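Novice: Sequence:
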Amino acid sequence: MNIQELKNNIDTIANNTSSKEEKLQQICDYLASEIAYYDWVGFYFRNGNKEELKLAQFNGEPTEHTIIPFGKGICGQVAVSNENFVVQDVNQQDNYISCGWKVKSEIVIPIFVNGENIGQIDIDSHTVNPFTSNDEALLEYVCERVASFI
1 MNIQELKNNI DTIANNTSSK EEKLQQICDY LASEIAYYDW VGFYFRNGNK
51 EELKLAQFNG EPTEHTIIPF GKGICGQVAV SNENFVVQDV NQQDNYISCG
101 WKVKSEIVIP IFVNGENIGQ IDIDSHTVNP FTSNDEALLE YVCERVASFI
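In UniProt numbering, the protein residues as written are 1 to 150.
These aren't lab readings, by the way, just hints derived from the structure by calculation.
Please read these numbers as outputs of a predicted model, since none were measured by experiment.
Watch out, some of these pointers could steer you wrong.
What the hints assert, rightly or not - In silico EDC-like pairs for lysine to aspartate or glutamate, Cα to Cα no more than 20 Å straight-line:
1. LYS7 with ASP29
2. LYS7 with GLU116
3. LYS54 with ASP89
4. LYS104 with ASP89
Unchecked claim - Label-pair distances were calculated between CB atoms; the ranges are:
5. GLN93 with ASN8: 30 to 36 Å
6. GLN4 with ASP94: 23 to 29 Å
7. VAL128 with THR17: 20 to 26 Å
8. ILE67 with PHE149: 21 to 27 Å
Don't be surprised by glycine CBs; every beta carbon is placed ideally from N, CA and C.
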(Lines of atoms letter the chains of each structure in order from A; the text may use other names.)
(Lines give C-alpha, C1' and ligand atoms only; values in the text may rest on other atoms or scores of the structure.)
Protein backbone atom coordinates (compact mmCIF):
# COMPACT_ATOMS: atom_id res chain seq x y z
CA MET A 1 0.00 0.00 0.00
CA ASN A 2 1.57 3.24 -1.17
CA ILE A 3 -0.16 5.68 1.18
CA GLN A 4 1.13 8.82 -0.52
CA GLU A 5 0.02 7.69 -3.97
CA LEU A 6 -3.41 6.77 -2.61
CA LYS A 7 -3.71 10.16 -0.89
CA ASN A 8 -2.67 11.97 -4.07
CA ASN A 9 -5.36 10.16 -6.05
CA ILE A 10 -7.96 10.92 -3.35
CA ASP A 11 -6.93 14.60 -3.67
CA THR A 12 -7.49 14.42 -7.41
CA ILE A 13 -11.00 13.06 -6.87
CA ALA A 14 -11.80 15.58 -4.12
CA ASN A 15 -10.64 18.48 -6.31
CA ASN A 16 -12.42 17.47 -9.52
CA THR A 17 -15.53 19.25 -10.78
CA SER A 18 -17.93 16.32 -10.26
CA SER A 19 -20.92 16.58 -7.90
CA LYS A 20 -20.39 15.53 -4.29
CA GLU A 21 -22.34 12.31 -4.96
CA GLU A 22 -20.12 11.49 -7.93
CA LYS A 23 -16.98 12.21 -5.89
CA LEU A 24 -18.17 9.93 -3.08
CA GLN A 25 -18.84 7.15 -5.59
CA GLN A 26 -15.44 7.70 -7.22
CA ILE A 27 -13.75 7.40 -3.81
CA CYS A 28 -15.63 4.16 -3.06
CA ASP A 29 -14.75 2.70 -6.45
CA TYR A 30 -11.12 3.81 -6.21
CA LEU A 31 -10.50 2.37 -2.74
CA ALA A 32 -12.26 -0.91 -3.61
CA SER A 33 -10.15 -1.28 -6.76
CA GLU A 34 -6.81 -0.36 -5.17
CA ILE A 35 -6.92 -2.26 -1.87
CA ALA A 36 -7.60 -5.96 -2.35
CA TYR A 37 -9.06 -6.57 1.11
CA TYR A 38 -11.54 -3.65 0.89
CA ASP A 39 -14.50 -5.79 -0.17
CA TRP A 40 -17.21 -3.22 0.63
CA VAL A 41 -16.61 0.52 0.79
CA GLY A 42 -19.41 2.91 1.63
CA PHE A 43 -20.44 6.19 3.17
CA TYR A 44 -23.17 6.70 5.75
CA PHE A 45 -24.40 10.15 6.72
CA ARG A 46 -26.68 11.43 9.45
CA ASN A 47 -30.27 11.28 8.19
CA GLY A 48 -31.40 14.88 8.70
CA ASN A 49 -32.10 15.53 12.39
CA LYS A 50 -32.88 11.88 13.10
CA GLU A 51 -30.70 9.78 15.37
CA GLU A 52 -29.81 7.45 12.50
CA LEU A 53 -27.43 7.01 9.61
CA LYS A 54 -28.49 6.69 5.99
CA LEU A 55 -26.46 4.83 3.38
CA ALA A 56 -25.11 7.02 0.59
CA GLN A 57 -22.66 5.88 -2.09
CA PHE A 58 -20.96 2.49 -1.86
CA ASN A 59 -19.03 -0.13 -3.80
CA GLY A 60 -19.72 -3.79 -3.13
CA GLU A 61 -22.67 -6.08 -2.66
CA PRO A 62 -25.97 -4.33 -1.89
CA THR A 63 -26.83 -4.21 1.81
CA GLU A 64 -30.17 -4.23 3.59
CA HIS A 65 -28.63 -1.87 6.16
CA THR A 66 -29.58 1.39 4.47
CA ILE A 67 -30.71 2.96 7.76
CA ILE A 68 -28.75 2.35 10.97
CA PRO A 69 -29.94 3.72 14.33
CA PHE A 70 -27.32 5.50 16.43
CA GLY A 71 -25.72 3.04 18.84
CA LYS A 72 -26.55 -0.06 16.76
CA GLY A 73 -23.71 -1.99 15.16
CA ILE A 74 -20.25 -0.65 14.50
CA CYS A 75 -21.47 2.29 12.40
CA GLY A 76 -24.09 3.25 14.95
CA GLN A 77 -21.51 3.11 17.73
CA VAL A 78 -19.16 5.43 15.83
CA ALA A 79 -22.04 7.89 15.37
CA VAL A 80 -22.25 8.09 19.17
CA SER A 81 -18.59 7.73 20.21
CA ASN A 82 -17.10 9.99 17.49
CA GLU A 83 -14.09 7.67 17.44
CA ASN A 84 -12.54 5.29 14.93
CA PHE A 85 -13.63 1.69 15.36
CA VAL A 86 -11.52 -1.17 14.03
CA VAL A 87 -12.93 -4.68 14.33
CA GLN A 88 -10.40 -7.28 13.21
CA ASP A 89 -12.84 -10.17 13.73
CA VAL A 90 -16.56 -9.44 13.68
CA ASN A 91 -17.27 -12.73 15.48
CA GLN A 92 -15.67 -11.19 18.58
CA GLN A 93 -18.02 -8.19 18.56
CA ASP A 94 -21.31 -8.31 20.49
CA ASN A 95 -22.98 -5.26 18.94
CA TYR A 96 -22.24 -6.21 15.32
CA ILE A 97 -24.86 -6.05 12.55
CA SER A 98 -24.07 -8.76 10.05
CA CYS A 99 -23.89 -7.51 6.48
CA GLY A 100 -23.32 -10.99 5.13
CA TRP A 101 -21.57 -14.22 5.95
CA LYS A 102 -18.47 -13.21 3.96
CA VAL A 103 -17.68 -10.20 6.17
CA LYS A 104 -14.91 -11.01 8.64
CA SER A 105 -13.69 -7.55 9.70
CA GLU A 106 -14.73 -3.91 9.57
CA ILE A 107 -13.25 -0.44 10.01
CA VAL A 108 -15.33 2.71 10.46
CA ILE A 109 -13.92 6.24 10.54
CA PRO A 110 -16.09 9.30 11.34
CA ILE A 111 -16.29 12.38 9.13
CA PHE A 112 -16.28 15.73 10.94
CA VAL A 113 -17.39 19.10 9.60
CA ASN A 114 -16.86 22.02 11.99
CA GLY A 115 -16.33 19.56 14.84
CA GLU A 116 -19.63 17.75 14.20
CA ASN A 117 -19.79 14.06 13.26
CA ILE A 118 -21.83 14.16 10.03
CA GLY A 119 -21.13 10.67 8.75
CA GLN A 120 -18.52 8.01 8.23
CA ILE A 121 -16.71 5.76 5.85
CA ASP A 122 -17.30 2.06 6.41
CA ILE A 123 -15.05 -0.69 5.05
CA ASP A 124 -15.89 -4.39 5.25
CA SER A 125 -13.34 -7.09 4.51
CA HIS A 126 -13.73 -10.79 3.82
CA THR A 127 -10.37 -11.28 5.57
CA VAL A 128 -9.81 -11.58 9.33
CA ASN A 129 -7.33 -9.09 10.82
CA PRO A 130 -6.39 -7.16 7.66
CA PHE A 131 -6.39 -3.57 8.95
CA THR A 132 -3.25 -1.75 10.06
CA SER A 133 -2.43 1.76 11.23
CA ASN A 134 -1.87 2.59 7.52
CA ASP A 135 -5.53 1.86 6.80
CA GLU A 136 -6.62 4.04 9.68
CA ALA A 137 -4.34 6.90 8.57
CA LEU A 138 -5.49 6.63 4.94
CA LEU A 139 -9.18 6.56 5.85
CA GLU A 140 -8.80 9.49 8.25
CA TYR A 141 -7.29 11.41 5.35
CA VAL A 142 -10.15 10.36 3.08
CA CYS A 143 -12.64 11.63 5.67
CA GLU A 144 -10.81 14.98 5.93
CA ARG A 145 -10.95 15.36 2.15
CA VAL A 146 -14.65 14.38 2.05
CA ALA A 147 -15.33 17.01 4.74
CA SER A 148 -13.84 19.63 2.42
CA PHE A 149 -16.48 19.13 -0.29
CA ILE A 150 -19.52 17.66 1.43
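Novice: Which numbered conditions among the earlier hints are violated in the structure presented, ordered from lowest to highest?
Specialist: Numbers 2, 3, 6, 7 - these are the hints that the structure violates, sorted from lowest upward.
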